[in-house]
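With these hints in hand, go ahead and build the complete structure from the sequences.
Protein chains in written order, with our numbering: chain F, 1 to 232; chain Y, 1 to 208; chain D, 1 to 250.
The set of hints was computed from the structure by calculation and includes no laboratory data.
There's no promise every hint is true.
Computed from the model, here is a short list of chain F residues facing chain D with C-beta under 10 Å [unchecked claim]:
#1 Leu23
#2 Ala59
#3 Ala177
#4 Met193
Label pairs and their computed distance ranges (CB to CB) [unchecked claim]:
#5 D:Leu116 - F:Met166: 33 to 39 Å
#6 D:Phe8 - Y:Ala196: 52 to 58 Å
#7 Y:Asp129 - D:Glu153: 53 to 59 Å
#8 F:Met171 - Y:Gly138: 37 to 43 Å
#9 F:Ala210 - D:Ala49: 24 to 30 Å
#10 D:Ser13 - F:Gly209: 26 to 32 Å
#11 F:Met171 - D:Trp126: 37 to 43 Å
#12 F:Met166 - D:Ala248: 20 to 26 Å
#13 F:Ala210 - Y:Gly138: 49 to 55 Å
#14 D:Val209 - F:Ala12: 56 to 62 Å
The model shown is predicted, which means the values in this text are computed figures rather than measured ones.
Cβ atoms here follow ideal geometry from the backbone N, Cα and C, with glycine treated the same way.
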Amino acid sequence: MVRHADASISTASACLALLRRDLLLVWRRRGDAAQPLMFALLVVSLFPLALGPEPELLAKIAPGVIWVAVLLSGLLSLDSLFRSDLDDGSLEQLMLAPQPLALLVACKVLVHWLASAVPVLLIVPLLAAFLNLDGRLLPVLWESLLLGTPLLSLVGTVVVALTVGMRRSGMLLALLALPLYVPVLIFGAGAVMAAAQGLPFAGALWLLGAALVLAVVLAPLAAATALRIAMP
Amino acid sequence: MTPAAPPLLAAESLAFQRNEEPVFGPLSLHVAAGEALLIHGGNGSGKTTLLRVLAGLLPPSEGDIQVRGQHATRESVAQTCALLGHLLGHKGELTAVENLRFAVGLNGQREGTDITEVLETVGLAGYEDSPARQLSAGQKKRLGLARLLLLPSPLWLMDEPYANLDLEGIALVNRVVEAHINGGGAALITSHGAYATPAVRSRVLELD
Amino acid sequence: MNPVIRWFHQMGSPPIFHRFADRWSRWLLLAALPFLAWGAWSGLFEVPADYQQGDSYRILFIHVPSAWMSLFIYGLMAVYAFIALVWRIKICEQLAMACAPIGAGFTAITLLTGSLWGRPMWGTWWTWDPRLTSELVLLFLFLGVIGLNAAIEDRRAAARAAGFLALIGVVNVPIVHFSVEWWNTLHQGATIKLMGQSSIDSRMVLPLVLVAIGTKLWFLGSLLVRTQTAMLEMESGKDWVKQIARGAHA
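See the structure below:
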């Protein structure tokens, strides 16, 4: 006897199911997780090669270069956020689930950030060493990246959702994301630059934090709307 | 005499255009519990698009969709319909069981069903721990059927369920759909029309 | 029904919009010319030279109205996009999309004139003045809308997606402006401001206003032409377009 769908599966357990699935997928493809890490490392290594190894120069550009490297590696890995789900039809199933799409998107972004940004965050001390970053700036750099990378992921998700149907959307994705990334970069790298000059930097970090809170609420909603608009 | 329950899914004057070119419609249809609606059409007739519009994945250019007599909302469609689309919706790196457990974790599980039993019903006994990407096209289709059996939704939206299946597979689809419909469920099935169809009360909608 | 609202309803119909655009676009474009000419002449010859910058400041009469237009057009594009997304009106979708290249053009003029302005003063072809930096980001926003609209095949879906992008961007514009101002104060040593603290002489107002009106008229005419063309392309299979084509050949 077919009964109507019962009191629907609780939202929390549904989100847990999605989190578990995506984490399992990351684990099964754990080779891929090294790519953002490698990319950030490579970008950072290019600068001393291009500019020369003079320690003072490197120390001066270190916060900015590290921030740009992390930003770019995040942008590259963002492209794959919805791609496999779109290709095998899982995205359709997510859109047909009883839970709000925004919530499911938020779960996906969380796993994506854990898999792609957190490894890069862990090697920041290494990147700092490559560029001779003043050790006293390391905490500020780390805090700014800790607040900034999820913000970039969330904002980037909206843009990825808009281009979800497109093949090889890499360049377009970067163009669309860049204007949205600029303020995050300015305040994130700027906080470290301010600290380097002995200026107050807490305000910039608080701004990032506030933006992150807003983005956690608004970005998944915007991304869900964008997915419905752009679904092929 | 009790009034008839409204159809599970109904569409009125539904039409869809892409780049100002009509893909289908305007057309009207309805599916009630205990029956199957077969949508027949050749390649490019818009069957897949129609199904996706009915599932709410694409917005219609014109017309209205109703679920159980009320204007369709995301929740009502999610609760009433389950989709077996052209892209089946399995993650290749997850095993058959893991895929089904996720579907059930997201949507809930139909009462009285068990994942292992359902896998046996669709002929995938022994493949529980095989990653989905190692399954053949026909086996992936059967896994999709298993998902439909496990989800609580009464209306099955099936896009070309017979494609990629051998005679035994086609018979399986029909058996499963018959059991579902005789149990009070409903199905909306698109196909070329050249296949043997389930032995249940059904109507046919022809798309040009 | 209120006649104004009725007019808007009617404009939503492609054939009626086409007739409206046909009738008015030419005049708007023509009307822009005297304003632009008068404003340019007044700015170049009538208004006295600036006591700090001499004659090279006169490019401000193109730079400032262009900057105003770039922001105005972006705002208008966002409004059209909002209406298009909420009420699904075809004309508004195309109006929003037509705004983007015109806005990008004005932004490019702003950047170009800003760059030229900086040259005699600091000897560099580009300065990271806060306004120019904000305008650069605005240019990327416009290019993004144009790019997204071009990348999706279905014209209506493309306009909806690019319109949504424009809406997200509109929230971003003040944020970028604010962040760039902060960035500018942070890097004190290299602070360069194009307009500086000097207040505007009252005699400079007239050419500014003239050019501003001229650019608005030009924009409206150009917008109507572009939207008209886009609508003709989109509706090319429909009867009303065929009738017009037949009429043109007759």
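A quick look at each hint next to the structure:
1. Leu23: 29 Å, violated
2. Ala59: Hint on Ala59 of chain F: violated, closest Cβ of chain D at ~17 Å, above 10 Å.
3. Ala177: 9 Å, holds
4. Met193: The hint holds - Met193 of chain F has a Cβ within 10 Å of chain D, the shortest such distance being about 6 Å.
5. D:Leu116 - F:Met166: 33 to 39 Å: 37 Å Cβ-Cβ, so the 33 to 39 Å window holds.
6. D:Phe8 - Y:Ala196: 52 to 58 Å: Holds - the Cβ-Cβ distance for Phe8 of chain D and Ala196 of chain Y, about 56 Å, lies within 52 to 58 Å.
7. Y:Asp129 - D:Glu153: 53 to 59 Å: 41 Å, violated
8. F:Met171 - Y:Gly138: 37 to 43 Å: 39 Å, holds
9. F:Ala210 - D:Ala49: 24 to 30 Å: 47 Å, violated
10. D:Ser13 - F:Gly209: 26 to 32 Å: 50 Å, violated
11. F:Met171 - D:Trp126: 37 to 43 Å: Hint violated: Cβ distance 23 Å, outside 37 to 43 Å.
12. F:Met166 - D:Ala248: 20 to 26 Å: Violated, since Met166 of chain F and Ala248 of chain D (Cβ atoms, about 37 Å apart) do not stay within the stated range.
13. F:Ala210 - Y:Gly138: 49 to 55 Å: 54 Å, holds
14. D:Val209 - F:Ala12: 56 to 62 Å: 60 Å, holds
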